[in-house]
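Position 240 of the sequence shown, counting from 1, maps to 240 under this note's numbering, and the rest follow consecutively.
Take the hints with a grain of salt, since some may be wrong.
[What the hints assert, rightly or not] Okay, derived cross-link-like pairs now, DSS-like style, lysine-lysine, Cα gap no bigger than 27 Å in a straight line:
| hint | residue 1 | residue 2 |
| --- | --- | --- |
| 1 | LYS256 | LYS210 |
| 2 | LYS74 | LYS129 |
| 3 | LYS210 | LYS129 |
FYI, nobody ran anything at the bench for these hints, they're computed from the structure. In this text the structure is predicted, and so the values were computed from the model without any measurement.
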Amino acid sequence: MSVLAGIKVVELGQVLAGPFAGAIFADLGADVVKVEKPDGGDDARQMGPAFRHGDALNFHEFNRGKRSVTLDLKSPAGVEALHALLRDADILVHNLRPGVAEALGLGPAEVTARHPRLIYCAMGAFGHKGPLAQRPGYEPLFQAFAGLSSITGEPDGPPVRMGASVVDQGTGMWTVIGALAALQQRARTGRGCVVNTSLFETALLWAGQKISAYVNMGKLPERHASGHPNFVPYQAFDCADGPLLVCCGNDRLFRKLADVLGRPDWPADPRFATNRARLANQAALLPEIAALLRARPRAALAEALVAAGVPCAPVNTIPEVLAEPQTAAMEMLQPVPGEDFSLVAMPLSFDGARPRIRHGAPRLAPITSDVIDPAPRDG
1 MSVLAGIKVV ELGQVLAGPF AGAIFADLGA DVVKVEKPDG GDDARQMGPA FRHGDALNFH
61 EFNRGKRSVT LDLKSPAGVE ALHALLRDAD ILVHNLRPGV AEALGLGPAE VTARHPRLIY
121 CAMGAFGHKG PLAQRPGYEP LFQAFAGLSS ITGEPDGPPV RMGASVVDQG TGMWTVIGAL
181 AALQQRARTG RGCVVNTSLF ETALLWAGQK ISAYVNMGKL PERHASGHPN FVPYQAFDCA
241 DGPLLVCCGN DRLFRKLADV LGRPDWPADP RFATNRARLA NQAALLPEIA ALLRARPRAA
301 LAEALVAAGV PCAPVNTIPE VLAEPQTAAM EMLQPVPGED FSLVAMPLSF DGARPRIRHG
361 APRLAPITSD VIDPAPRDG
């Protein structure tokens with residue numbers, strides 16, 4: 001499945017956000033040319049112990065399916081070689097440090113003037129304007145700065161960083177969405193445009209519900225661990241052999257939960273009869289639920305709840321989720337052609353078929369001032 005066959009993407013990506021956008025394009029069938037700097041290439045090659053071919057696992061994760069060329073963009077010959085690559089390119093993606101593209105003469109105004117059909121995607125840190133536009137930044141910084149850490153963790157505990165790189169990878173996703181929308185516009189107008197994204201904007205969007213509640217209702221967010229601010233019960237409870245997440249999103253589901261737990265009296269109790277009542281009286285209800293679940297094996301209880309129609313799930317470890325039959329059925333873990341390892345594939349399908357990882361990450365190419373030979377653009 002190569003839905004982007006015929007699209008050429010040039011990526012000046014470092015570490016995660018830019019390379020992740022490039023990996024999405026590559027998995028969808030685009031020809032992605034990764035431009036790397038001399039003296040080691042993408043820093044992600046060294047981010048962790050050598051995994052394969054001297055490169056770290058993270059580099060393989062976010063650079064599969066690409067080609068590589070090494071250019072010295074601080075030299076006029078390297079810049080001209082990049083422009084040669086851009087002559088027939090559809091999309092340029094970069095997440096260079098703020099101000100670097102402009103210092104190299106590769107800012108959006110200069111590049112789009114020379115290549116008017118190009119979609120120029122600039123991935124910033126704090127954004128393309130404002131007092132912090134020239135400040136660099138990284139994933140944990142933006143989780144902290146944009147308030148995400150403040151809403152993550154236990155109610156009485158410290159702010160916590162999320163375990164996944166949601167800001168970096170989210171910015172990569174928004175960049176791809178913007179580029180695809182710009183391609184559609186170009187089909188109508190014949191001209192490209194500049195797509196700006198940033199880690200700060202992505203982080204603010206992920207905090208959007210909490211921001212909206214504060215701006216419009218004056219409501220400060222609280223940390224709820226695995227719980228929910230608007231539903232009770234809607235959280236993880238410890239069973240006899242592991243935690244189970246139980247989600248009662250309405251009163252009907254709560255009645256079913258009460259029946260499974262042998263407490264049909266709860267829905268008749270005015271303290272627990274409605275979700276709003278349960279929110280007000282959760283200090284009384286939640287310990288009772290916790291005591292009942294603590295005595296029961298997780299798998300048997302989950303089976304009973306699912307049979308009754310109550311949404312629930314074990315709080316799996318990584319090995320446990322990989323052992324789930326559903327994980328295998330969805331074929332999200334794919335072997336990398338030509339390699340002896342597997343990676344997680346893109347989470348979308350076309351006509352029921354998931355895009356396949358086409359090949360592994362490229363080796364670091366020797367430095368060249370010549371444009372690489374164009375590859376076939378049929379995916």
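(request) Would you pick out the hints that fail for this structure and give their numbers low to high? (result) Hint 1 contradicted; others consistent.
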